[in-house]
Amino acid sequence: MFHRKPIFDEVRLLLGRGFTAQEVSKLDRAIDAALAATDASSRFVLGSAGRALIRKWEGCARRRADGLFEAYPDPGSRDGKPWTIGWGSTGTDIGPGTVWTQAQCDARFDSEIVRYVREVIAAIGDAATSPGQFDALVSFHYNTGAIAKATLTKLHRQGRFAAAAAEFGKWIYNDGKVLEGLKRRRAEEAALYAAG
Numbered sequence: 001m002f003h004r005k006p007i008f009d010e011v012r013l014l015l016g017r018g019f020t021a022q023e024v025s026k027l028d029r030a031i032d033a034a035l036a037a038t039d040a041s042s043r044f045v046l047g048s049a050g051r052a053l054i055r056k057w058e059g060c061a062r063r064r065a066d067g068l069f070e071a072y073p074d075p076g077s078r079d080g081k082p083w084t085i086g087w088g089s090t091g092t093d094i095g096p097g098t099v100w101t102q103a104q105c106d107a108r109f110d111s112e113i114v115r116y117v118r119e120v121i122a123a124i125g126d127a128a129t130s131p132g133q134f135d136a137l138v139s140f141h142y143n144t145g146a147i148a149k150a151t152l153t154k155l156h157r158q159g160r161f162a163a164a165a166a167e168f169g170k171w172i173y174n175d176g177k178v179l180e181g182l183k184r185r186r187a188e189e190a191a192l193y194a195a196g
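Using the working numbering, the letters of the sequence shown map in sequence onto residues 1 to 196.
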């Protein structure tokens with residue numbers, strides 16, 4: 001159980017006075033909001049299985065002889081966009097001629113994954129979610145960017161886990177073509193999701 005008294009005592013000392021009823025209510029609301037945010041973020045953390053799955057499929061490809069990594073065009077799209085580097089990083093700063101060190105690849109992944117985790121947390125809300133399900137959803141979102149609009153998210157929020165697991169297999173197209181790599185990745189995500 002969380003005890004609020006030490007917080008109120010410390011603020012009372014800082015103010016040098018007691019609280020009004022309105023101040024107590026405001027402080028209680030602030031503590032409740034902080035606890036809710038902490039509960040959500042600590043309840044959902046990308047686990048080692050999810051991190052390994054993402055890194056397996058994203059690859060950190062195109063390592064040069066000098067040990068640096070160079071950007072490459074998307075192999076499944078007609079126009080080569082988006083250009084990618086490292087662990088599947090894309091963006092306006094990445095294109096032909098972009099070269100990174102391993103440390104840059106790793107740092108960008110660590111930075112980007114925070115956003116993807118946060119977006120999955122927001123999309124699933126307070127739905128019951130196992131660590132395996134969460135890892136699979138983050139991997140799916142990292143690759144597709146579609147967690148907010150995917151039917152599988154809606155089904156997950158409804159607790160219809162078998163139906164949600166089946167939805168992964170629908171996300172295997174790039175430019176209208178089925179890609180074998182996406183089929184295999186979605187199958188692994190679905191298996192991790194179903195295993196819980």
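Treat the hints with care, as some may be off.
As the list claims (entries may be wrong) - Computed cross-link-like contacts, DMTMM-like style, restricted to lysine to aspartate or glutamate with a CA-CA straight-line distance of at most 25 Å: (1) 183 to 93; (2) 149 to 58; (3) 149 to 126; (4) 170 to 93; (5) 81 to 93; (6) 56 to 126.
To be verified - Cβ pair distances, simulated, as ranges: (7) 130 to 61: 49 to 59 Å; (8) 144 to 25: 22 to 32 Å; (9) 31 to 144: 33 to 43 Å; (10) 6 to 70: 48 to 58 Å.
It is worth saying that the hints were derived from the structure and are not from the lab. Even glycine gets a Cβ: it sits at the ideal position worked out from N, Cα and C.
Status of the hints after comparison with the structure:
With a CA separation close to 29 Å, the supplied pair residue 183 and residue 93 exceeds the 25 Å bound. Between residue 149 and residue 58 the CA atoms are separated by roughly 22 Å; this keeps the pair inside 25 Å, and the hint holds. A C-alpha spacing of about 17 Å is found between residue 149 and residue 126, which places the hinted pair at or below 25 Å, so the restraint holds. Simply put, residue 170 and residue 93 have alpha-carbon atoms about 30 Å apart, too far for the 25 Å limit, and the pair is violated.
Restraint check: the Cα-Cα separation between residue 81 and residue 93 comes to about 13 Å, which is no more than 25 Å; the hinted pair holds. For the hint linking residue 56 to residue 126, the alpha-carbon distance of about 29 Å lies beyond 25 Å, and the restraint is violated. The supplied range of 49 to 59 Å is broken by residue 130 and residue 61, whose beta-carbon atoms lie about 31 Å from each other. Range check, residue 144 to residue 25: Cβ separation about 43 Å, and the 22 to 32 Å hint is violated.
Look at residue 31 against residue 144: about 37 Å separates their beta carbons, and that is inside 33 to 43 Å. Taking the beta carbon of each, residue 6 and residue 70 are about 54 Å apart, inside 48 to 58 Å as hinted.
Hint check: violations occur at hints 1, 4, 6, 7, 8; the rest are consistent with the structure.
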